Amino acid sequence: MDMDGFLIAFAISFGVIFVAELGDKSQLMALTFATRFNAVPVLIGITIATSVTHLVSVAVGYGLGASIPTGWIALVAAVAFLAFGAWTLRGDSLSEDEEAKAKRAGGSAVVAASVAFFLAELGDKTMLATITLAAQHGTLAGSVGIWAGSTVGMVAADGLAIVVGRQLGKRLPERAISIGAAVMFFVFGAWLLYEAVPQVWGEDAWGRVVDVAGHHGLGWAALVLGALAVGAGLWFRGRAHRARGERRLDVARTPGSPAWWARTLFVLAAVLGFGAPLLVALDVLQPISVLARPAVAVVGAGLLLLGFAVVAVAMLQLGTVWRRSATEAGAAAAGDPDAARRPVLATGGIYRRVRNPALTGLIVGCAGMLFMAPTLLGVLAGVLILVAVQIQARAVYEPGLGSALGAEYDEYRARTGRFLPRVRTDRTPAGEGDRTTVG
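Just add 4 to the spot in the sequence shown (first one is 1) and you have the working numbering.
Among these hints, one or two may not hold up.
Stated by the list, open to error - Taking CB as the label site, the calculated pair distances span:
1. Pro403 with Ile48: 55 to 63 angstroms
2. Pro202 with Ile292: 25 to 33 angstroms
3. Leu164 with Ala411: 35 to 43 angstroms
4. Gly19 with Gly406: 37 to 45 angstroms
5. Glu412 with Ala256: 17 to 25 angstroms
6. Arg398 with Glu199: 42 to 50 angstroms
7. Leu253 with Arg426: 54 to 62 angstroms
8. Ile48 with Val383: 53 to 61 angstroms
Keep in mind the hints are simulated off the structure, nothing from the lab.
Just so it is clear, the structure is predicted and the values come from calculations on it, not from any experiment.
Glycine is no exception: its CB is placed at the ideal position from the N, C-alpha and C atoms.
All chains should be built: construct the whole structure from the sequences, respecting the hints.
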């Protein structure tokens with residue numbers, strides 16, 4: 005047996021399936037079974053069900069791999085992984101019937117878990133992912149590696165759910181975990197697509213695409229991708245702010261105030277930032293030649309998606325904290341009429357080390373859009389974004405939260421970074437590490 009091929013296939017399948025299981029239905033079922041049975045019998049049942057399911061998947065994938073050209077397999081795999089990312093982003097949950105079956109399961113925990121997980125995995129995205137991977141690694145060693153890696157990856161992920169799932173759920177919203185898994189699927193899909201196109205249409209396929217698209221195509225791509233990212237970011241922001249209720253920072257918003265200047269600069273930067281790629285697409289403005297490279301554009305697209313993914317996660321965590329704090333504020337309102345309007349301070353999740361992660365994500369996303377269509381107008385937009393973010397953080401958020409929360413916010417600020425984590429932080433008193441800053 006080709007040991008190198010086995011190890012490579014094992015490592016790839018383990019990583020892909022482990023990521024696929026984060027936030028998946030199988031993890032939810034593992035948690036449900038663990039509330040009734042001991043962890044070891046449940047894990048044995050999961051292992052049996054996974055071994056059988058993935059053995060069938062590998063057999064199907066191996067058969068496909070022997071009859072289909074590898075280039076087309078890679079192309080289909082790329083599309084499949086992008087679909088898996090969208091599927092994961094949509095989220096997964098147990099139906100009432102599935103949850104009831106898990107709770108009613110009696111007799112042997114091994115038998116109950118085996119049957120339940122086997123039925124749950126039929127047609128699931130992890131089974132389809134295993135078929136896709138097996139089709140790509142058409143050798144016997146590769147197929148065995150895919151089977152072993154996918155089985156171990158799923159058991160490890162479900163074991164993680166049983167051991168630390170509850171603790172993780174207290175510190176990180178389930179939606180944030182799903183978004184992280186979806187991003188990994190998108191990365192795998194983009195990687196496979198990049199490798200598949202030359203195999204199907206020739207070694208110079210990407211060069212021909214760039215020649216046809218030119219800087220006009222990259223300008224349109226930056227414009228469309230930027231619009232989608234900003235639209236998604238605004239949607240997550242609006243969703244979070246609907247949970248805010250009456251909570252507002254007590255800051256001046258009159259013309260000439262820091263909040264007014266920050267908003268004005270954000271609007272101006274948005275106009276210039278979207279205007280630059282539009283003018284490049286229309287051939288009115290030429291990109292900066294030293295940066296007008298396909299590789300730079302690809303890096304820019306990655307930064308754009310990464311930045312606004314950070315914004316989405318930050319907004320999701322804010323919404324979660326605001327919703328949780330609403331009940332506490334309502335209970336406290338009887339003795340304090342201002343309780344429902346006071347900002348909340350917490351320091352968990354993405355806010356554990358960074359006070360303004362949404363603004364950090366905005367900077368990274370805007371830098372990515374600039375790299376996709378590099379122009380002096382875009383550079384000016386980037387400078388305006390940096391100035392606006394500094395004003396928003398230093399003159400609006402921090403003074404407002406400091407005024408509302410006093411020493412509590414000062415202590416939090418002393419151990420966190422404004423936009424990036426501090427290299428060294430002060431010790432956090434016990435019990436204060438499970439909260440997130442919102443204002």
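**Unsatisfied constraints (hint numbers, rising)** = 7
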